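A.B. asks: Below are the chains, spelled out letter by letter.
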Amino acid sequence: MNDISLLQHYWWFLVSLLGALLVFLMFVQGGQSLIWTLGRTEEQRRMLLLATGRKWELTFTTLVTFGGAFFASFPLFYSTSFGGAYWVWLLILLCFVLQAVSYEFQLRHGNVLGTTTYRVFLLLNGVLGPLLIGTAVGTFFTGAEFVVNKSAVACVSMPVISSWANPLHGLEAALVPQNLLLGFSVLLLTRVLACLYFMGSIADETLRGNCRRRLRMECGFFLLFFLTWLGYWLASIGYGYTADGIVYPVQHKYLNNLLAMPAVAALLLVGVLMVLGGMVQGLRGRRRAFWLAGPGSVLVVLALLLCAGWNNTAYYPSLADAQSSLTIVNSSSSLFTLKTMTIVSFIIPFVIAYIAWAWRVLDRTPITPQETQEEH
Amino acid sequence: MDAIDTTLVDWSRAQFALTAMYHWLFVPLTLGLGVVMAIMETLYVRTGREFWKQTARFWMKLFGINFAMGVATGIILEFEFGTNWSNYSWFVGDIFGAPLAIEGIVAFFLESTFIAVMYFGWNKVSKRAHLAATWLTIIGATLSAWWILVANAWMQHPVGMEFNPDTVRNEMVDFLAVAFSPVAVVKFCHTVTSSWVLGAVFVVGVSCWYLLRGRHKDFAWASIRVACWFGLAASLLTAHTGHQSGRDIALYQPMKLAAAEGLYEGGKAQGLVMAGVLRPGVDWSAPTNEERFLFNIEMPCALSILATHEADGYVPGIRNLLEGGYTLPDGRTALSAEEKMQRGRTAIAALADYRAATEPAAREAALKTLRANFDCFGYGYLKSPSDLVPPVPLTFYSFRIMVILGGYFIALFTGMLLLSRWVSRQKLLLLAVVLSTPLAWLASQAGWVVAEVGRQPWSIQGLLPNLAAISRLETSSVQTTFFIFLVLFTLLLVAELSIMGKAIADGPETDKPAV
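Heads up: the sequence lines are chains A and B, in that order.
Residue numbering for the first sequence follows our numbering, starting at 1 and increasing by one per position.
Residue numbering for the second sequence follows our numbering, starting at 1 and increasing by one per position.
Honestly, the hints are just simulated from the structure, not real lab data.
Quick caveat: nothing in here was measured; it's all calculated off a predicted structure.
Any given hint might turn out to be false.
With a straight-line cut-off of 30 Å between C-alpha atoms, the simulated DSS-like cross-links for lysine-lysine are [as the list claims (entries may be wrong)]:
| hint | chain 1 | residue 1 | chain 2 | residue 2 |
| --- | --- | --- | --- | --- |
| 1 | B | LYS502 | B | LYS217 |
| 2 | B | LYS124 | A | LYS55 |
| 3 | B | LYS368 | A | LYS339 |
| 4 | A | LYS55 | B | LYS502 |
| 5 | B | LYS368 | B | LYS217 |
Quick list of simulated restraints, FRET-style, between CB atoms [unchecked claim]:
| hint | chain 1 | residue 1 | chain 2 | residue 2 | range |
| --- | --- | --- | --- | --- | --- |
| 6 | B | ARG425 | A | PRO349 | 41 to 51 Å |
| 7 | B | LEU236 | A | LEU171 | 28 to 38 Å |
| 8 | A | LEU171 | B | HIS240 | 47 to 57 Å |
| 9 | A | LEU107 | B | GLY214 | 42 to 52 Å |
| 10 | A | THR116 | B | ASP174 | 45 to 55 Å |
Where chain B lies over chain A, by a calculated footprint (3+ residues, C-beta under 8 Å) [as the list claims (entries may be wrong)]:
| hint | region |
| --- | --- |
| 11 | 47-58 |
| 12 | 71-81 |
| 13 | 106-115 |
| 14 | 327-336 |
| 15 | 339-348 |
| 16 | 352-364 |
Heads up, the beta-carbon is just placed ideally off N, CA and C, and yes, glycines get one too.
Use the sequences and the hints to build the structure in full.
C.D. replies: Given below as structure tokens:
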């Protein structure tokens, strides 16, 4: 593996890790989608929102950094997918715009839109955010309709290199059952994680009981959707590429990837077991179950995304023109930029350390009903 | 043959301008108010007085209301480079993406982690740890501004890159040249210090409102003193960096300077227009027998001094820049716009030849032609020399609004510091100060209008015009999202102003006994 190939793999790992952390941190969205389901009284709803309100910015920042890292390391994806699947990405962004103001504004005096409006915004973000992100990520495996022609830059009248071949501009992803299955799996996973998080971070037995009861249904549906999607995924056709960059379809590509990369297969297996273990612990009422299922979900998503891009796999297959498919080779930044960014990435452990400190400090004592009366 | 729909370019520009201008309503207050509240919390930690804690907490509450809106509008901007400017994202993504990623990793996480400690950690961490969290929040916000402004400065003056015809994009070859380009440094200093001015004006305006109402007087005077000293220092720095910025524009974006000055015919010993009214309806890209100003007052030689540091220095006007023929600072003769466009078309054709050629000799020849003409590459996409002239009246008036208001704020802070006792008895003056608060936003927005409208038609100066930078979308899609953003942001702005107004009306808790 030469320098640039190593760095392309390293950056695909980092982008995958950010994506995995994003899915984990979307327990905030899962919690928002459960405001009225778990919180029967105003006090309970306030406690739920206080718990996720301390964390929403981390999720938001991870999304922004995921976008920035993808842009810096694989700009052709940024250019092709964002510019083509316009509607799906903008809907995702709009969901997050609604979230950003809602925590701060919902209980303030002079709130002209009313508390309920902001909570509906949070609900929308909580449901649509994970669902749409999951559906959009589904296209990493099922493909999308686009054409890339870099020579177009030399055409003065139409120099745009990427064009989308479907007039729905991304909304068509929702018409593919596998994408929807993944979207619902992500949504349900965030709701499972949210229940587990609330059980550990809120000192209210009624709420903990509500979470535990809710967990049964959420776990059941999550397993149904996720395992169905996993079955599709393992059996599906993927796209590989040769050393010359020629893209071709491969039967059971992702299953082959797991067999070719035993470490990634182990990550997936361990992750799935941790998520299942966390669910079982949660159903038994253990308060630290979140810390088993959460990291487990990171491992699962990381393994899936590594399968999408490693082992000579086209991570964004084009259904309109297979040779336009994006791979970590044809879509990456230059060697110089990847090297520079790699040096910057060495700061990440330091970032994780201070996030861990802040998390620990704020969550040291569970949230009490009294705390909801304090102004922040 | 397909051709780019110019209305798509216009709507894509309008959407980006809308989101950027909304975003910039909130960011400067975050940067400015953040420092003021951090100073106040520092005073609390140093003196132990509950008064300073409550003062800091009050401004922190307003900071939080504003911060949420900044975050909400900011996320759209980052992703719009992909959604609406996808060709740009490939053509320069190798360079432009890096600052955005570094912003996320280095700055945004710092800000978003410690803001949670700042708001929720009063009873959970020590006083000093809380103070550190407050400062780290504002340092994170400022570092975030650094990387965004590095990216913006690079668009105004692209450096540290080379064009790669195999990947058909520009690639970074010198990170330090990008990250610490003199244009970026000046832009950062000017933008951040002007944001400090805005924060200080806001604090002074709100405090004067309390004085006018006879409420929270101790709080108001304490806030005014801190904000005026801070604001005065910031506004002097803003003036200094503004001068440096003018020099950069003269060097790297002379058309922007000519538009900002309404300078059609350049020459030596050019005066700076202190005040003036442009004749409406004049075509700034063509000669005319009419006077271009209805009236103007000039400071003799000042523009030459600003642009060249010499009283009789030569400053090109719009006509000179279009027709060329004058001597550049490095001794070469300036090309005309037509010549640049011809060279640009030659470069683009050479790129096509290079991509199509199969023989090494033909590729080499095409590459040689491309390299020889690449400095004019972007001009090849333009249809007419007049495309190179930005909207002159908008740039001209925005520049004057920014500069005049900058001078006014220096006078405001100085007056409030020197004549505070007298001012406190003059209700009309207090009212004038309160009413001056929105002017800080006007000045700030005007500054960005000069920077961004003045560099049209370029997405990246000289390299990529807007029409070659866009995404291939239906115009109706962009129109729809434009109006969605317009309605949503306006609604949220109204909501924010209402909450902010109520929070100010409720006032700080400094008058209440400490618990």
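A.B. asks: Now tell me if each hint is right for this structure.
C.D. replies: Results of checking the hints against the structure:
no.	hint	verdict
1	LYS502/B <-> LYS217/B	18 Å, holds
2	LYS124/B <-> LYS55/A	16 Å, holds
3	LYS368/B <-> LYS339/A	28 Å, holds
4	LYS55/A <-> LYS502/B	26 Å, holds
5	LYS368/B <-> LYS217/B	72 Å, violated
6	ARG425/B <-> PRO349/A: 41 to 51 Å	59 Å, violated
7	LEU236/B <-> LEU171/A: 28 to 38 Å	53 Å, violated
8	LEU171/A <-> HIS240/B: 47 to 57 Å	51 Å, holds
9	LEU107/A <-> GLY214/B: 42 to 52 Å	29 Å, violated
10	THR116/A <-> ASP174/B: 45 to 55 Å	54 Å, holds
11	47-58	holds (count 4)
12	71-81	holds (count 9)
13	106-115	holds (count 6)
14	327-336	holds (count 3)
15	339-348	holds (count 6)
16	352-364	holds (count 6)
In this structure, the earlier hints numbered 5, 6, 7 and 9 are contradicted, and the remaining ones agree with it.
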